[in-house]
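These two chains come separately, so use the hints to put the complex back together.
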Amino acid sequence: AQSVAQPEDQVNVAEGNPLTVKCTYSVSGNPYLFWYVQYPNRGLQFLLKYITGDNLVKGSYGFEAEFNKSQTSFHLKKPSALVSDSALYFCAVRAGGSYIPTFGRGTSLIVHP
Amino acid sequence: GAVVSQHPSRVICKSGTSVKIECRSLDFQATTMFWYRQFPKKSLMLMATSNEGSKATYEQGVEKDKFLINHASLTLSTLTVTSAHPEDSSFYICSASLRADANQPQHFGDGTRLSIL
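Each protein sequence line maps, in turn, to chains A and B.
Under this note's numbering, think of the first position of the first sequence as 1235, with each following residue one higher.
Under this note's numbering, think of the first position of the second sequence as 330, with each following residue one higher.
Looking at chain B on its own, in the form it has when it is part of the complex (with noise of 0.2 Å):
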């Protein structure tokens, strides 16, 4: 089936750092992938979408300038926290399709847990 690698799976970090965290298609071409970002109380919040050789799409209210994203290649989208502070801290969650089909399900990778300390 097809596989998601999100790594690291955990960072901690000091108040001021910018942490990289990458999300990879395995076994499959990605020209879309999700970013999302969940909350202590369980919800998801799509942060962006970030498409193959373009721009990110970003949510309304999620700045565009502190959530670098890039997608440089069919496999690879990666998500850039610059500057990071404590409220930066959060579940960070990527998912892909293997077509940009909306009957097609997610899969997602297993998430990076962010700390700025």
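Bound-form chain A, shown alone (with noise of 0.2 Å):
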């Protein structure tokens, strides 16, 4: 079985400051994670992914993350934050054998002016 959690519902933050989406996972075997971004009345859209190699991943929108092995982590990051980055981010999950994506329950990132 596979899951994720995104452990907060609502993450604030200030214009200019870093962020930090946190998503950890739960899979057996290796795990492909996911970050998508959800405007308002429109769909998700894929920010990053990490399937092997480099736990930096560099994504869509000045956006990265960092996979952590032993925390079983996959943390969305931005080193300064802008008001337009204010939406809802879901992180998933996929098995090494499953092509069925788990999502996370999505944070909703507010930036303040």
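Treat the hints as calculated values from the structure; they're not laboratory data.
Heads up, some of the hints might be wrong.
What the hints assert, rightly or not - Chain A side only, calculated, beta carbon under 10 Å to chain B, not exhaustive: (1) ASP1243; (2) TYR1266; (3) TYR1270; (4) ASN1275; (5) LEU1281; (6) LEU1282; (7) LYS1283; (8) ILE1285; (9) THR1286; (10) PRO1335; (11) THR1341.
Unchecked claim - Only pairs whose alpha carbons sit at most 27 Å apart, straight line, appear in this in silico BS3-like list of lysine-lysine: (12) A:LYS1256 x A:LYS1311; (13) B:LYS371 x A:LYS1292; (14) A:LYS1311 x B:LYS371; (15) A:LYS1292 x A:LYS1303; (16) B:LYS393 x B:LYS349; (17) A:LYS1283 x A:LYS1303; (18) A:LYS1256 x A:LYS1303; (19) B:LYS395 x B:LYS343; (20) B:LYS349 x B:LYS371; (21) A:LYS1311 x A:LYS1283; (22) B:LYS371 x A:LYS1283; (23) A:LYS1256 x B:LYS371.
We put the beta carbon where it would ideally sit given N, CA and C, even for glycine.
Structure follows, in structure tokens:
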């Protein structure tokens, strides 16, 4: 079985400050990890993924995520938040043998001017 | 990049009506598509996995006869909400992967807001 936890319902950060959105996972075997962003009344957009290799993955819009195997985490980060980053963020995992992803429940990111 | 188009974006209809939602992969072939329902508190619920040329695989608790899924071609999957009732009102989203590989990201449609009066 595979699962994803996003422990924070909401993250608030001031514009210009660094942001972190947390994600931990549980999976049998090697995980394939993904981050998606959802703007109001839209579908999800792919931000970045970790498959193998470098633990620090860079993605769209200046976001990056760090894979930490020992902590089974894949936190999303950005050095300097923008108001336009305010959205809903989903972490997802797929195990190597499964094509069905499991999504976290989502974290609302609110960036204050 | 891979584009998934979902139509209609919004539907408002009377109770008892059947509503069809289309999900198309515009620039790639998708042997597998997924249908989700998103609730007001934002969580995504996987309803079913749609497989081209075969029956959909429904998640536990999802009524097959209520939510009919057809995946007749490599670029089109449809979800029909039959005899819709107010409790079926929700945001429905489809997605597809370029390949049925675990390391491929999902590409999502823009969702359909269904409101049953």
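Quickly compare the C-alpha distance for A:LYS1311 and B:LYS371 to 27 Å and report which way the hint goes. holds, 21 Å
If you take the shortest Cβ to Cβ gap from A:THR1286 to chain B, is it below 10 Å? At about 8 Å, which falls below the 10 Å cut-off, the nearest Cβ of chain B leaves the hint on A:THR1286 intact, so it holds.
Closest C-beta approach of A:TYR1266 to chain B relative to 10 Å, hint status: holds, 5 Å
Take the C-alpha atoms of B:LYS371 and A:LYS1283, compute the straight-line distance between them, and say whether it is at most 27 Å. holds, 22 Å
Any CB of chain B closer than 10 Å to the CB of A:TYR1270? holds, 8 Å
Interface hint check: A:ILE1285, Cβ to nearest Cβ on chain B, cutoff 10 Å. Holds or violated? Cβ of A:ILE1285 sits 5 Å from chain B, so the hint holds.
Tell me if the straight-line CA distance from A:LYS1256 to A:LYS1303 falls inside 27 Å. holds, 14 Å
Sort out whether A:LYS1283 lies within 27 Å of A:LYS1311, counting only the CA atoms. holds, 13 Å
Hint validity - A:LEU1281 Cβ closer than 10 Å to any chain B Cβ: holds, 9 Å
Hinted pair B:LYS371 and A:LYS1292, Cα distance within 27 Å: holds, 26 Å
Restraint outcome when A:ASP1243 is required to lie within 10 Å of chain B by C-beta distance: Check passed: Cβ of A:ASP1243 comes within 9 Å of chain B, closer than 10 Å.
Given A:THR1341 as an interface hint, is its Cβ closer than 10 Å to any Cβ of chain B? holds, 9 Å
No hint from the list above goes unmet by this structure.
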